[in-house]
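Everything in the sequence shown is counted per UniProt numbering, starting at 1 for the first residue and increasing by one.
Where hints are given, some of them may not hold.
To be verified - Simulated crosslink set (DMTMM-like; lysine to aspartate or glutamate; CA at most 25 Å straight-line): (1) 162 - 411; (2) 172 - 103; (3) 132 - 341; (4) 350 - 467; (5) 146 - 100; (6) 172 - 220; (7) 451 - 374.
Because the hints were derived from the structure by calculation, they are not lab data.
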Amino acid sequence: MYSTTMAKRSTSGQARAVERFLASVPQGKSSRQQGNIKSNASQAQRIYLAVPPRDIPKARSLGAHLDYDRRLCWIDASMDRTPFAEWIVDETVLANAGIDPEEAIADFSLAMRTFGLIPDTVRADGAWHTAKVETPAGPRNSGSYKLERVGGEWRGYIRNFKGASGPWRFQKGRLTREQRAALEAADSDRRAARAAKVIEEQREIAARALKVLVTLPEVECDAHPYLARKGVAAHGLRIASGRGMDMITLLNLEHFKSTSDEYLIAPGRDIQDRLRTVQALGPDGSKLFTKGARKTGAFHLIGARRVADLVSAPAVLLSEGYATGASIYEATGLPVVVCFDAGNLVAVAKDLVHVLPRRQPKLVCADNDQFFLETAVTRIAELGSVAPETECSFKVNAGPRDATRTVRIVDAIADGQWHASAHGKYRLAVECRCGVARSVTVDVITGSDGKHVRSTTSNRGVDSAAEAARILRCQAIVPVFNSLVGRPTDFNDLASAEGLAAVREQVRVMLPRELVSTNATER
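Kindly produce the complete structure, drawing on both the sequences and the hints.
Right under this line is the structure:
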């Protein structure tokens with residue numbers, strides 16, 4: 001169906017570079033890594049004691065060890081605890097201090113509901129867990145939470161990916177300074193051991209994905225539906241069948257549903273050229289990442305074979321998605337770092353700033369998610385919560401140099417207060433800074449079932465690009481469109497609507513003119 005070749009490259013040098021990249025994920029652990037993991041494991045077996053300074057000599061005479069960095073006494077978990085009972089902070093001590101785990105979890109469950117999540121069995125292990133969120137289409141896995149006890153204090157964080165997110169803390173209970181220090185040390189050791197375990201699991205997941213990746217053919221034409229729809233070529237992509245075990249291993253999804261579709265595979269590497277994750281692009285535009293792999297800081301390269309090529313490049317550009325990056329590369333001829341999404345732009349920038357020359361021209365090519373206000377109002381209308389005839393207007397960022405446009409909100413009141421309608425009630429709040437709308441939060445309660453749905457949106461593309469540009473000490477650019485019909489946001493939309501020449505000219509003005517190639521082929 002597609003024209004492919006097994007690991008074919010145009011030159012032997014490119015082939016060697018690819019092999020170096022594909023062999024870059026270590027299959028085993030170095031002695032240093034093994035030592036760190038062993039150290040973390042041994043520390044996790046300590047029991048820290050809440051010993052007042054005056055009693056430290058007594059505790060040591062009984063066989064306790066002293067952690068000089070923390071100024072804390074500790075014993076090995078295998079030791080007899082009886083001589084140290086007065087200094088051990090256990091559940092009985094916490095209960096006497098007014099810190100009841102059941103009460104804390106119940107309070108956290110109530111907080112989850114206020115954020116629109118549906119509490120099930122709450123796990124207080126400090127790890128992120130998926131949670132269901134009430135939506136107009138019913139419960140969906142659109143939320144997450146983490147809950148842990150840190151230094152005797154219960155703390156958590158709640159995320160509603162369709163609404164608001166925020167921290168939580170249990171307000172009850174008091175401990176002595178020594179008790180808090182002992183618990184904090186134990187928590188720190190557990191977190192270190194857990195982090196070491198996660199890193200090891202991520203290495204193993206990446207190693208398994210790598211074994212499949214090296215067997216996949218490269219895409220040599222643009223016949224895949226995703227590429228055809230986006231109007232871009234394949235740059236460093238491979239292709240995997242939805243049948244068999246390849247996608248199961250690549251995505252680390254045991255229950256991946258077999259399909260006749262074929263997926264484009266974009267390897268995600270780190271600044272040491274080690275494979276960290278892969279992104280699978282489906283023919284329907286779906287985007288999937290390797291479950292459990294390290295996506296943060298991972299990126300795909302277009303126009304460069306390895307990070308060393310970026311260091312010697314005349315300029316480096318950054319983008320969010322693959323299609324956007326491909327359009328920019330095809331228009332300019334300059335290497336592009338595809339960061340996969342807005343949230344990852346900042347993480348990649350934090351890594352690249354340590355390896356790219358400071359004086360090298362760089363440019364962050366932002367997605368201008370400027371239609372967040374319109375999206376919020378549409379959501380109210382779709383849910384049937386429309387106010388009587390009203391109208392107000394806000395300015396939103398629409399382009400470079402603080403250019404703005406005016407958005408008219410009709411039939412909805414944006415004052416942050418609850419308003420009734422024929423089918424329920426809603427609340428629309430717009431956050432503005434310097435007279436420009438930055439984010440909008442919508443709460444809707446439907447009258448039929450009383451479901452409360454909250455969503456918060458903003459121009460995340462511009463905000464993330466600005467922060468990435470600050471880190472890299474460069475500028476960010478947003479695409480400017482002759483027409484906003486269809487709500488275009490990124491440079492791939494610009495290329496589709498106005499051609500590669502428009503992309504090239506907008507990028508050219510932000511870089512030395514001689515750096516931008518004029519040999520791009522128009523679509």
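Hint check:
| no. | hint | verdict |
| --- | --- | --- |
| 1 | 162 - 411 | holds (22 Å) |
| 2 | 172 - 103 | holds (10 Å) |
| 3 | 132 - 341 | holds (23 Å) |
| 4 | 350 - 467 | holds (10 Å) |
| 5 | 146 - 100 | holds (18 Å) |
| 6 | 172 - 220 | violated (63 Å) |
| 7 | 451 - 374 | holds (22 Å) |
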